[in-house]
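A.B. asks: If you're matching positions, the sequence shown starts at 929 in this note's numbering and goes up one per residue.
Hints were generated in silico from the structure; no laboratory data involved.
Computed from a predicted structure; not experimentally measured.
Where hints are given, some of them may not hold.
[Stated by the list, open to error] Straight-line C-alpha distance at most 27 angstroms; calculated DSS-like pairs for lysine-lysine: (1) 979 - 1284; (2) 1095 - 1284; (3) 1271 - 1084; (4) 1058 - 1034; (5) 1198 - 1129; (6) 1034 - 1084; (7) 1084 - 1027; (8) 1095 - 1027; (9) 1027 - 1129; (10) 1129 - 1153; (11) 1208 - 1198; (12) 996 - 1271; (13) 1198 - 1224; (14) 1153 - 1202; (15) 1206 - 984; (16) 1271 - 1153; (17) 1224 - 1208; (18) 1072 - 1027; (19) 1142 - 1153; (20) 1282 - 984; (21) 984 - 1153; (22) 977 - 963; (23) 996 - 984; (24) 1198 - 996; (25) 1027 - 1064; (26) 1064 - 977; (27) 996 - 1153; (28) 1282 - 1271; (29) 1145 - 979; (30) 1025 - 1129; (31) 1072 - 979; (32) 1206 - 1095; (33) 984 - 1095; (34) 996 - 979; (35) 1208 - 1027; (36) 1025 - 1142.
[To be verified] Beta-carbon label-pair distances, calculated as ranges: (37) 1038 - 1165: 45 to 55 angstroms; (38) 1268 - 1211: 29 to 39 angstroms; (39) 994 - 1098: 33 to 43 angstroms.
Glycine is no exception: its CB is placed at the ideal position from the N, C-alpha and C atoms.
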Amino acid sequence: MQRLFLFCFISLFSITSNAQNLDRTIDSLIQSEFKDNNGPGGAFLISHKGKPIYRKAFGMANLELDAKLNTNSVFQIGSMTKQFTAIAILMLEEQGKLKITDPVSKYIPSYPNGNNITIHRLLTHTSGIKDFTKMKALQDIAQKEMTPEQMVDFFKNEPVDFAPGEKFEYNNSGYVLLGYIIELTSGETYEDFIQKNIFDKVGMNNSFYASDRKIIKNRAFGYHKKSSGYVNKTVINFSIPFSSGSLMSTLDDMLKWQNALHQNLLLSSKEETKAFTKYKLNNGQEIEYGYGWHLKNINGIPTREHGGSIFGFKSMAVYIPSEDIYVVGFSNCDCNSPTQLVKDIAKLSLETLKDK
């Protein structure tokens, strides 16, 4: 009995010690990048087996009001929105309202070359259509309220970059098209579909389709850094990035999202697996992208990753399925990118927590 007690005590001490060491190391890593305690900052979370083991915020949420960031701060997540768009498409497929093999022309008959561009090609960034963020004319509409149809019309007649399936090239236009298809097939707005079918079901009570007009408790304000100091973010109408980058969320809500995916709460395992499968180009070359996630690895151990960038904000998350480790980080200044930091934290977490 004494030996058993001693073994349990030593094991508990070892786990506690490892957690404290991980805490200190991560604090140091983050503070080496987010050095200005009086400037915009960031928020970070690590979870293991669905439970948070690290959750901290650094820096300011609002410079004018001298308000600090906290772990409940609401950030714009930019292109991490694409995860939600991709899962929404798969939900509609599971409901029998569309197929990922369907051509775009089935839903938007006037779309150029729409017979040869499938929903699958949009999801995997292999469609070849022009990315609207690279169009000079974007500045002319950046602050206008656009319908999804108007956004599609904005880029649909641009020359294509390559034939469908020839290359992988990250593409925001494809995900705007997906959002429009969600609306056409569901009969709901994209915002309402995501709210009812994902946020409400998962209990993501502090996640939103972004708005500069709504009163959003714990909102983190976005900033740029100029030679003269920090300035408020450039204003863009959220109907522009739409389903490619217009969602807002928190650390805890993103963990709820990840846990819902892990537990197959939104989709059957068979359907959800499609999001995390590496696909191939026409020539048979495999790409490191599924539907809404980059599929990479840390020292040969598979990961699911994605970041986001929108005026004033950057985001990044890495999930390690084999160990159920999730790391997510947000920044409310596009001068501070959490991308490499989150990857480094994920690697450190894997080394510390593997097989625990």
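A.B. asks: Give a verdict on every hint.
C.D. replies: Going down the list of hints, with the structure as the test:
1. 979 - 1284: Roughly 13 angstroms between the alpha carbons, so the hint for residue 979 and residue 1284 holds.
2. 1095 - 1284: The hint is violated at about 40 angstroms.
3. 1271 - 1084: violated (35 angstroms)
4. 1058 - 1034: holds (20 angstroms)
5. 1198 - 1129: Given that 27 angstroms is the threshold and the Cα spacing comes to 20 angstroms, the pair holds.
6. 1034 - 1084: holds (15 angstroms)
7. 1084 - 1027: Given pair residue 1084, residue 1027 holds - Cα atoms ~22 angstroms apart, limit 27 angstroms.
8. 1095 - 1027: holds (22 angstroms)
9. 1027 - 1129: At roughly 23 angstroms apart (the allowed maximum being 27 angstroms), residue 1129 and residue 1027 satisfy the hint.
10. 1129 - 1153: Given that 27 angstroms is the threshold and the Cα spacing comes to 38 angstroms, the pair is violated.
11. 1208 - 1198: With Cα atoms ~19 angstroms apart, residue 1208 and residue 1198 stay inside 27 angstroms; holds.
12. 996 - 1271: Holds, at roughly 25 angstroms.
13. 1198 - 1224: holds (21 angstroms)
14. 1153 - 1202: Violated, at about 40 angstroms.
15. 1206 - 984: violated (33 angstroms)
16. 1271 - 1153: holds (24 angstroms)
17. 1224 - 1208: holds (15 angstroms)
18. 1072 - 1027: Distance of about 32 angstroms is beyond 27 angstroms: violated.
19. 1142 - 1153: holds (25 angstroms)
20. 1282 - 984: Roughly 22 angstroms separates the two Cα atoms, so the pair holds.
21. 984 - 1153: holds (23 angstroms)
22. 977 - 963: Violated: residue 977 and residue 963 sit about 31 angstroms apart, past 27 angstroms.
23. 996 - 984: With a Cα-Cα distance of about 12 angstroms, the restraint between residue 996 and residue 984 holds, given a limit of 27 angstroms.
24. 1198 - 996: violated (43 angstroms)
25. 1027 - 1064: violated (34 angstroms)
26. 1064 - 977: violated (45 angstroms)
27. 996 - 1153: holds (18 angstroms)
28. 1282 - 1271: The given pair, whose Cα atoms are some 16 angstroms apart, holds under the 27 angstroms limit.
29. 1145 - 979: The hint holds at about 24 angstroms.
30. 1025 - 1129: Holds, at about 20 angstroms.
31. 1072 - 979: violated (41 angstroms)
32. 1206 - 1095: Distance ~14 angstroms between residue 1206 and residue 1095 Cα, so the pair holds.
33. 984 - 1095: violated (39 angstroms)
34. 996 - 979: Cα-Cα ~25 angstroms, so holds.
35. 1208 - 1027: Holds - the C-alpha atoms of residue 1027 and residue 1208 are around 18 angstroms apart, at most 27 angstroms.
36. 1025 - 1142: It is violated: about 32 angstroms lies between the C-alpha atoms, which goes past 27 angstroms.
37. 1038 - 1165: 45 to 55 angstroms: At 24 angstroms between Cβs, range violated.
38. 1268 - 1211: 29 to 39 angstroms: Holds, since residue 1268 and residue 1211 (Cβ atoms, about 31 angstroms apart) stay within the stated range.
39. 994 - 1098: 33 to 43 angstroms: At roughly 38 angstroms between Cβ atoms, residue 1098 and residue 994 fall inside 33 to 43 angstroms, so the hint holds.
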